[in-house]
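J.: Add chain B to chain A, keeping to what the hints say.
Chains as they are written, first to last, in the working numbering: chain A, 49 to 163; chain B, 494 to 606.
Keep in mind the hints are simulated off the structure, nothing from the lab.
Incorrect hints may appear among the rest.
Said to hold, decoys possible - Stretch by stretch, here's where chain B covers chain A in the computed footprint (C-beta under 8 Å, at least three residues): (1) 64-75; (2) 155-163.
Claimed, not checked - Ranges between beta-carbon positions, derived for each pair: (3) 61(A) / 503(B): 28 to 36 Å; (4) 545(B) / 105(A): 25 to 33 Å; (5) 88(A) / 561(B): 29 to 37 Å; (6) 549(B) / 163(A): 46 to 54 Å.
Said to hold, decoys possible - Here are some of the chain B residues that sit facing chain A, going by a computed Cβ distance under 8 Å: (7) 525; (8) 533; (9) 536; (10) 537; (11) 539; (12) 542; (13) 592; (14) 594; (15) 596; (16) 598; (17) 601.
Because the structure is a prediction, the values reported are computed rather than measured.
By construction, the Cβ of each residue, glycine as well, lies at the ideal position given by its N, Cα and C atoms.
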Amino acid sequence: KAGVTQTPRYLIKTRGQQVTLSCSPISGHRSVSWYQQTPGQGLQFLFEYFSETQRNKGNFPGRFSGRQFSNSRSEMNVSTLELGDSALYLCASSLGAQGNQETQYFGPGTRLLVL
Amino acid sequence: AQSVTQLGSHVSVSEGALVLLRCNYSSSVPPYLFWYVQYPNQGLQLLLKYTSAATLVKGINGFEAEFKKSETSFHLTKPSAHMSDAAEYFCAVSPSGGTALIFGKGTTLSVSS
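So here's chain A without its partners, still in its complex pose (with noise of 0.2 Å):
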């Protein structure tokens, strides 16, 4: 099985812009989260999709939003950049069955950088 896959991988942008990611999880796989990775705040968790429904949230603003599509890939949007925004952001997939604890598989990340 192809693995998860996000695009872009790589992104440059400026303040105030808006950027768009996408991921792709693994097939047959329904749950799709996302997580911010920063030097200073680490890895942190911004919300979780499954059958096209936010099922969890971290604690992020409001900028930060997502969706996902009935084939389960998924779309984050941030808008109006802050340089703090800066970051490798991850998706993870997995099956989707909670209180089960299933393995979360990532993807490469797209890296963010806002000037």
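T.: Below, chain B without anything else, positioned relative to chain A:
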């Protein structure tokens, strides 16, 4: 709130030496615990996970971890380090088995010849 503490942001060992990466968690209920590895410019790869089936968990690449409830620890070990083990290692906890993982700050492992 649950949290994870990784002691030592950087650990250096010689090739063939024991690897010990420390992880302590805070949780009021039995947690689900994980160790992930991240190589430069790559995503995270699962090394092993604890889900209460056994306290000693064996993972990939010769790594294992022991869950010690009395010490709230889940330290990662490998008997003999290899150069290819050089990477960043993350301990994570999952509240109530959900997908929102809480990660430690990470430990960078350096292996010298």
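J.: A separate judgement is required for each hint: does it hold in the structure or not?
T.: Structure-based check of each hint:
1. 64-75: It is violated: at least three residues are needed, and the segment 64-75 of chain A offers just 0 whose Cβ sits closer than 8 Å to chain B.
2. 155-163: holds (count 3)
3. 61(A) / 503(B): 28 to 36 Å: Hint holds: Cβ distance 32 Å, inside 28 to 36 Å.
4. 545(B) / 105(A): 25 to 33 Å: Given a distance of about 27 Å, which is inside 25 to 33 Å, the answer is holds.
5. 88(A) / 561(B): 29 to 37 Å: holds (30 Å)
6. 549(B) / 163(A): 46 to 54 Å: About 48 Å separates the Cβ atoms of residue 549(B) and residue 163(A), which means 46 to 54 Å holds.
7. 525: Result: holds, 4 Å to nearest chain A Cβ.
8. 533: violated (11 Å)
9. 536: OK, holds: residue 536(B) within 8 Å of chain A, min 4 Å.
10. 537: Because about 4 Å separates residue 537(B) from the closest Cβ in chain A, which is inside the 8 Å limit, the hint holds.
11. 539: holds (6 Å)
12. 542: Constraint on residue 542(B) satisfied, holds at 7 Å.
13. 592: This hint holds: residue 592(B) lies near chain A, its Cβ roughly 5 Å from the closest one there, short of 8 Å.
14. 594: holds (6 Å)
15. 596: Holds: closest Cβ of chain A sits about 4 Å from residue 596(B), inside 8 Å.
16. 598: holds (5 Å)
17. 601: violated (12 Å)
The structure shown violates the earlier hints numbered 1, 8, 17.
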